[in-house]
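Once you have looked at the hints, place chain B on chain A.
Number of protein chains: 2
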Amino acid sequence: MKERDMVHPTDRELSRRSFLKGTVLAGAGVGAMGALAACAPSGAKDDLASTGVAADSVTWDKETDIVVVGFGGAGSAAAIEARKAGAEVVILEASSVGGGSTALNGGLIYLGGTPLQKEHGIEDSAENFLNYMMQMAGPSANVDALKLIAEQSEDIYNWCLEQGIDFSGEVLEAHLPDGEEGICLGYTGNELSREAQKVATPAPRGHVAQPEATGMGFFRPLKAAVEGSGAEVLYEAVATSLITDENGRVIGVCADYDGGSKNVKANKAVILAGGGFTSNEEKVRDHLPYKANPGWPVTNPNEDGSCIQMAQKIGADLKGMSETQIGFSVYTINDRACEGILVDENGLRFTAEDEYGAFIGKRIVQRGEHAYLIVGNNLKSIMDEAEQTPVAEGATIQELAAAISVDADSLAHTVATYNDMAEGGIDFQFGKEPKHVVALNEAPFYAYDASAENTYYMTQGGLRVDLDLHVIDSEGAVIPGLYAAGLCSNLIFGQYFGSGSSMLWCFFSGRAAGTNAAAE
Amino acid sequence: MKERDMVHPTDRELSRRSFLKGTVLAGAGVGAMGALAACAPSGAKDDLASTGVAADSVTWDKETDIVVVGFGGAGSAAAIEARKAGAEVVILEASSVGGGSTALNGGLIYLGGTPLQKEHGIEDSAENFLNYMMQMAGPSANVDALKLIAEQSEDIYNWCLEQGIDFSGEVLEAHLPDGEEGICLGYTGNELSREAQKVATPAPRGHVAQPEATGMGFFRPLKAAVEGSGAEVLYEAVATSLITDENGRVIGVCADYDGGSKNVKANKAVILAGGGFTSNEEKVRDHLPYKANPGWPVTNPNEDGSCIQMAQKIGADLKGMSETQIGFSVYTINDRACEGILVDENGLRFTAEDEYGAFIGKRIVQRGEHAYLIVGNNLKSIMDEAEQTPVAEGATIQELAAAISVDADSLAHTVATYNDMAEGGIDFQFGKEPKHVVALNEAPFYAYDASAENTYYMTQGGLRVDLDLHVIDSEGAVIPGLYAAGLCSNLIFGQYFGSGSSMLWCFFSGRAAGTNAAAE
Numbered sequence: 001m002k003e004r005d006m007v008h009p010t011d012r013e014l015s016r017r018s019f020l021k022g023t024v025l026a027g028a029g030v031g032a033m034g035a036l037a038a039c040a041p042s043g044a045k046d047d048l049a050s051t052g053v054a055a056d057s058v059t060w061d062k063e064t065d066i067v068v069v070g071f072g073g074a075g076s077a078a079a080i081e082a083r084k085a086g087a088e089v090v091i092l093e094a095s096s097v098g099g100g101s102t103a104l105n106g107g108l109i110y111l112g113g114t115p116l117q118k119e120h121g122i123e124d125s126a127e128n129f130l131n132y133m134m135q136m137a138g139p140s141a142n143v144d145a146l147k148l149i150a151e152q153s154e155d156i157y158n159w160c161l162e163q164g165i166d167f168s169g170e171v172l173e174a175h176l177p178d179g180e181e182g183i184c185l186g187y188t189g190n191e192l193s194r195e196a197q198k199v200a201t202p203a204p205r206g207h208v209a210q211p212e213a214t215g216m217g218f219f220r221p222l223k224a225a226v227e228g229s230g231a232e233v234l235y236e237a238v239a240t241s242l243i244t245d246e247n248g249r250v251i252g253v254c255a256d257y258d259g260g261s262k263n264v265k266a267n268k269a270v271i272l273a274g275g276g277f278t279s280n281e282e283k284v285r286d287h288l289p290y291k292a293n294p295g296w297p298v299t300n301p302n303e304d305g306s307c308i309q310m311a312q313k314i315g316a317d318l319k320g321m322s323e324t325q326i327g328f329s330v331y332t333i334n335d336r337a338c339e340g341i342l343v344d345e346n347g348l349r350f351t352a353e354d355e356y357g358a359f360i361g362k363r364i365v366q367r368g369e370h371a372y373l374i375v376g377n378n379l380k381s382i383m384d385e386a387e388q389t390p391v392a393e394g395a396t397i398q399e400l401a402a403a404i405s406v407d408a409d410s411l412a413h414t415v416a417t418y419n420d421m422a423e424g425g426i427d428f429q430f431g432k433e434p435k436h437v438v439a440l441n442e443a444p445f446y447a448y449d450a451s452a453e454n455t456y457y458m459t460q461g462g463l464r465v466d467l468d469l470h471v472i473d474s475e476g477a478v479i480p481g482l483y484a485a486g487l488c489s490n491l492i493f494g495q496y497f498g499s500g501s502s503m504l505w506c507f508f509s510g511r512a513a514g515t516n517a518a519a520e
Numbered sequence: 001m002k003e004r005d006m007v008h009p010t011d012r013e014l015s016r017r018s019f020l021k022g023t024v025l026a027g028a029g030v031g032a033m034g035a036l037a038a039c040a041p042s043g044a045k046d047d048l049a050s051t052g053v054a055a056d057s058v059t060w061d062k063e064t065d066i067v068v069v070g071f072g073g074a075g076s077a078a079a080i081e082a083r084k085a086g087a088e089v090v091i092l093e094a095s096s097v098g099g100g101s102t103a104l105n106g107g108l109i110y111l112g113g114t115p116l117q118k119e120h121g122i123e124d125s126a127e128n129f130l131n132y133m134m135q136m137a138g139p140s141a142n143v144d145a146l147k148l149i150a151e152q153s154e155d156i157y158n159w160c161l162e163q164g165i166d167f168s169g170e171v172l173e174a175h176l177p178d179g180e181e182g183i184c185l186g187y188t189g190n191e192l193s194r195e196a197q198k199v200a201t202p203a204p205r206g207h208v209a210q211p212e213a214t215g216m217g218f219f220r221p222l223k224a225a226v227e228g229s230g231a232e233v234l235y236e237a238v239a240t241s242l243i244t245d246e247n248g249r250v251i252g253v254c255a256d257y258d259g260g261s262k263n264v265k266a267n268k269a270v271i272l273a274g275g276g277f278t279s280n281e282e283k284v285r286d287h288l289p290y291k292a293n294p295g296w297p298v299t300n301p302n303e304d305g306s307c308i309q310m311a312q313k314i315g316a317d318l319k320g321m322s323e324t325q326i327g328f329s330v331y332t333i334n335d336r337a338c339e340g341i342l343v344d345e346n347g348l349r350f351t352a353e354d355e356y357g358a359f360i361g362k363r364i365v366q367r368g369e370h371a372y373l374i375v376g377n378n379l380k381s382i383m384d385e386a387e388q389t390p391v392a393e394g395a396t397i398q399e400l401a402a403a404i405s406v407d408a409d410s411l412a413h414t415v416a417t418y419n420d421m422a423e424g425g426i427d428f429q430f431g432k433e434p435k436h437v438v439a440l441n442e443a444p445f446y447a448y449d450a451s452a453e454n455t456y457y458m459t460q461g462g463l464r465v466d467l468d469l470h471v472i473d474s475e476g477a478v479i480p481g482l483y484a485a486g487l488c489s490n491l492i493f494g495q496y497f498g499s500g501s502s503m504l505w506c507f508f509s510g511r512a513a514g515t516n517a518a519a520e
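As you go down the protein sequences, you meet chains A and B in turn.
Residue 111 in this note's numbering sits at position 111 of the first sequence, with consecutive numbering throughout.
Residue 272 in this note's numbering sits at position 272 of the second sequence, with consecutive numbering throughout.
One chain only, chain A, in its complex shape (with noise of 0.2 Å):
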């Protein structure tokens, strides 16, 4: 499993993972005054704020148009049209290389309605991708943001070819968890749901950056292009506060690098594209609504939530923190894995097995600790060839469920009814696919574990932003000279529609803040 290996950085990832941190706790840990202390402008009297200063009373050691938070595929797509629209732009970025996020997802950016699309015969359009996410996202996401994004779509797509990056191969007429090489398009999200086909016409929509095949196939040209358009990167280079003038306005950035503490100036706006804070253990606990934790973070280890802080120090509102995807890969292994069912801590079925694994996560760890993949001997076979190994084994269903600690009771009503549905070959509890939906009759019987500890989560929520990328105050108002995008920013607060959404959002709300910002 690909996005397992994420949480898992190189030796030399942690090492340099470990000085950052350092750097960042070092600032943190003295409480809020000390942390004001270490980020007063330079040359300052000890005792000034970085908030609420006077532009000419700040020693700047550095001084710009635009300054973007964060190199990955926000930060890349900010900067890229800042330049564009002939602003200057220097990138603050933790890390020696840049990528974040970014460069760690499957490869998959989730568009409908494209040019990619109509080549290959599939009847898709923007109307379309809106109604599948509009349905998917749920009640509290905001419609407006979702047109907006299903309307620049296409020129989303464009803009990828733009810069480099290659949708070229073949379409796999199934579910695609993660980029695959020779593979352009392929199902990434719930389309092919009961659900989803009651809206929109089911059709692949995870867009494959190629020849990688993984997020390199999209930072990969981004560098190159960011480097072309003549913005300036420092690497190693850590924000960690912002400055404000005496009218609230942002107007530069405290930043460690050069081995210290540094003010950048800048003349239109401040960016940040940091990411989320998946891999802030606390603040993910302070936001998790469900019945048990998700298993382990994907995530690069700068994506701490610094952005958000930074910015919520300064009175920003937050939004939707509760939203993370929640992910779950039983569908990945092999498409016939899913003829199994998918029974909770009680015995019973809780989704079609055949669904999107990011809502099957989500269902798992609202209802419990534990879940369990129940399969008949049939599809032993196809669990070994994926490496997958059994957690239990019973000759009857009921031994099976005694070896689980589940009520047998329940697990045979459950089969028995599974079993009748077979004979039909319809799903009427979930709506499974036909095709998977056959009956449990071959013994021995297997368990294989999709408890709570074996999904993986990304956070979603973040600064709320509005449709311009401004970021909001708590009290609803714009804070000047401020803006946010990618995983670092929330406007939408919807379920995660798809794998690829987050490279959508990413692009969508990073091009936007770049041109906005120039525009100041």
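If you're looking for bench data, these hints aren't it; they were derived computationally from the structure.
Be aware that one or more of the hints could be misleading.
Since copy identity is lost for identical chains, a pair holds within one copy or between any two.
[Unchecked claim] Distance condition first, Cα-Cα at most 16 Å in a straight line; then the derived EDC-like pairs of lysine to aspartate or glutamate:
| no. | residue 1 | residue 2 |
| --- | --- | --- |
| 1 | LYS198 | GLU345 |
| 2 | LYS291 | GLU369 |
| 3 | LYS435 | ASP335 |
| 4 | LYS147 | GLU212 |
| 5 | LYS62 | GLU180 |
| 6 | LYS147 | ASP56 |
| 7 | LYS291 | GLU195 |
| 8 | LYS435 | ASP468 |
| 9 | LYS147 | ASP466 |
Quantities reported herein were computed from a predicted structural model and do not represent experimental measurements.
Then chain B, alone, in the frame of chain A:
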């Protein structure tokens, strides 16, 4: 249903609300700078913000030791304890009468291991109470906070008696969803559920404030105690912003009263106790992570999130903003209604029907828009007596299913399994109490609407506080001079464990904030 009435303020309250909202919104509507200007300390130059100012540069209209914002349960507890410790106190209360959401509560406080339980021969203890809370609250809950609350449960009970709160009456050995006259104790949470009984001996913990058996059973004596304490209460006084000095310390509150904007100096501290954000629909939608939106807010109109917003404006962090009590009152109709089955849109059971309404409500909105209580003709008269009107009727389960757009095969299988369970008297799916597991086999069958729109909600998330009730900023540091108590604060972040939990939190947090603020 008593709670439903809470959302229909009297005309008098409505006009108060319109008046007050008009004031508040006028400030917010003009944007950040406008809001700052409106709250500029009187006599100060126009462009001076109310943050980061020298105390002696402000013209103070009033001065005291401690300013408490909000005169509900938490504000009362804070004021009483601060006065007891010798501090001067001014309470700013938006309404003309006080009471907040405390006055609207069901007349319950949730406590474990109290002398009252002992008097009535009920076996419970701080430890047993803690075990229950830990399991119910879930894996993200702050265990240190729960421990403190369990330990202080007896103290809080005794404190209630000192304030003149009256818990006389008889024990009800059944679910007690709301205070009842003549009853002193009842099961107001999920104590009797299969899950809870694994970790804690069930005990009735909902203590009823008599003789009103409503929130006035708390607020009437508290109001008298506050008035008797020498605290000054300013009614129709709406706090609009916090005033901080050059070191970031909170030194006062800007408030609208007596026809103008006034600066009230707090020599020791400000305690925010103005309630959650239940009546702020935009904020609620910004944070609720469910598949369907819950129905109606249970709130007082001033519970608009303004305390949370004021503190955010000076950098306060948020915690558990998605934590919301989402109630459903099927089991409140009549215990026998639990003999029916609750099913979702897919025709599947999803809960023991006799569980705590706030857990059932959350499960409903997690699963989708629609849910139904299905009963046979044997229960029709019970439902009639409770003035419940079915949304559909069918001579067979299949006919009923069709009438509510639920798959007929699915519902028929669910009922068949349930009837199998009724034969053995054991709900092996969810562990409903055996006396409620009664076969559903007497036609005609009826469906009652248990959909998301019929749930009610109250927000629980708010300002991040520490065990001393200091408000914490985005970097984890204490904001000096600022405390929060009651529903605008969040320390625990866990599922609401029983009706009366909010009252417990208000008294626990209010008392501690008052004592700690007085010691500054």
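To see whether the hints hold, each was checked on the structure:
Proximity of LYS198 and GLU345 under a CA criterion of 16 Å is satisfied inter-copy only: 14 Å between copies versus 30 Å inside one chain copy. In this homomeric assembly, LYS291 and GLU369 come within 16 Å of each other (Cα to Cα) only inside a single copy, at 8 Å, whereas the closest approach across copies is 21 Å. In this homomeric assembly, LYS435 and ASP335 come within 16 Å of each other (Cα to Cα) only inside a single copy, at 10 Å, whereas the closest approach across copies is 44 Å. With identical chains, the CA atoms of LYS147 and GLU212 are never at most 16 Å apart, being 31 Å at best within one copy and 52 Å at best between copies.
Taking CA atoms no more than 16 Å apart as the test, LYS62 paired with GLU180 passes in neither setting, with 43 Å inside one copy and 69 Å between copies. In this assembly of identical chains, the alpha carbons of LYS147 and ASP56 never lie at most 16 Å apart, being 43 Å within a copy and 52 Å across copies at closest. In this homomeric assembly, LYS291 and GLU195 come within 16 Å of each other (Cα to Cα) only across copies, at 13 Å, whereas the closest approach inside a single copy is 25 Å. When the C-alpha separation of LYS435 and ASP468 is checked against a cutoff of 16 Å, the pair qualifies neither within a copy, at 45 Å, nor between copies, at 58 Å.
When the C-alpha separation of LYS147 and ASP466 is checked against a cutoff of 16 Å, the pair qualifies only within one copy, where the shortest distance is 14 Å, while the shortest distance between copies is 41 Å.
Comparing the model with each numbered hint stated earlier shows that hints 4, 5, 6, 8 do not hold.
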